[in-house]
Amino acid sequence: MASLRVPVGPADHALGDEHAPVTLVEYGDYECPHCGHAHPIVKAVRKHFGKQLRFVYRHFPLTQIHPLAEPAAEAAEFARVNEHFWEMHDGIFENQDRLSVPLLAELAEELGLSDLGAALDSHEFAPVVKAQFLGGVRSGVNGTPTFFINGYRYDGMNEFEDLVEAIDTALAERQRERKRAG
Amino acid sequence: MARILAPGTTAPDFTLPVTPDQSLSLRDLRGQPVVLACYPADWSPVCGDQMALYNEILPEFQKYKAEVLGISVDGPWCHAAFARDRHLHFPLLSDFEPKGAVAKEYGAYRDKEGVCERALFVIDEKGVIFWSYLSPVAVNPGAEGILEALENLEKKGQSHGQLESSRRAS
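Residue numbers (the numbering used here), protein chains in the order written: chain W, 1 to 182; chain G, 1 to 170.
Hint data in this document are derived by calculation from the structure and do not stem from the laboratory. Where hints are given, some of them may not hold.
Said to hold, decoys possible - With a Cα cut of at most 30 Å, we get these calculated DSS-like pairs of lysine-lysine:
id, chain 1, residue 1, chain 2, residue 2
1, G, K112, G, K99
2, G, K63, G, K99
3, W, K130, G, K104
4, W, K43, W, K130
5, G, K126, G, K112
6, W, K51, W, K179
7, W, K130, G, K155
8, G, K112, G, K65
9, G, K63, G, K112
10, W, K130, G, K112
11, G, K155, G, K112
12, W, K130, G, K99
On a predicted model such as this, the values are computed, not experimentally measured, just so you know.
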């Protein structure tokens, strides 16, 4: 079974308690319609599990078929430096149907960040995006979105019920482990 | 499921069309590793299409000087349209006539559906299969197995080279 080669750590974009029993990692592409479809589903799944779930997002831009995926990922990293990663992340997915470089600039300006253009021109954040992409490749990411639940690749459907069921299974597994340990 | 050719087997040679008027032979690629990726059909509906993924990872394969070849039973015109649409930068071979003949030799043909299996082969510079993997047909096998095989192949080559140079030294 394919498993995460790069453990979740301080370099990651994470939402939720770091001691949560289940961590859901998504490798995504901002221009991928399937990732756009998964975006509100992930939000609903996070809400459903509350403190029991931590969510991590990593970039996996398929640049040959999605020319805007790379600038969008770099824009999110740019926003991160200013602690606005998740606002940018949400803004991009919620406006995916009109994704463009001007849209990225518009989103950055709404966050009070003005120098996105220079960061995109110099590809300042390209190495960060590339490192996440390569870590994904070595972990068995086979398309977008690819989810990992507690380190193992999830091969099911990217719908709410299917994800909830898989996370429930991981939760039960974690509880059994805890009982054995203590 | 089919039984695909195992490591240690000499990879059967083939000559197949890569475009409507050009063909490619496996033997022409001797001296470098070859990644042969059999897949059922062009135009898979997902973004994470296997060929799109390999296309994206091409620079990683190239670090090992490996040539990537996709192979399916689709005709060369179909491949040409697919490659253009997805901006693919590696050859797609047409195992079209006689249909699936090469896939059959590699044990990677699905008789019932009349398409290739999702099977991967890493062939070494001497034309011997170094690694092979058969994926469930609905699961995109990703690239990590291929990269690991290429890494192991390179290590094997290096340790062999070291052995030879230490022999020469003694």
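Do the hints match the structure? See the list:
no. : hint            : verdict
1   : G/K112 x G/K99  : holds, 13 Å
2   : G/K63 x G/K99   : violated, 33 Å
3   : W/K130 x G/K104 : violated, 38 Å
4   : W/K43 x W/K130  : holds, 26 Å
5   : G/K126 x G/K112 : violated, 33 Å
6   : W/K51 x W/K179  : holds, 19 Å
7   : W/K130 x G/K155 : holds, 25 Å
8   : G/K112 x G/K65  : violated, 36 Å
9   : G/K63 x G/K112  : violated, 38 Å
10  : W/K130 x G/K112 : violated, 41 Å
11  : G/K155 x G/K112 : violated, 40 Å
12  : W/K130 x G/K99  : violated, 40 Å
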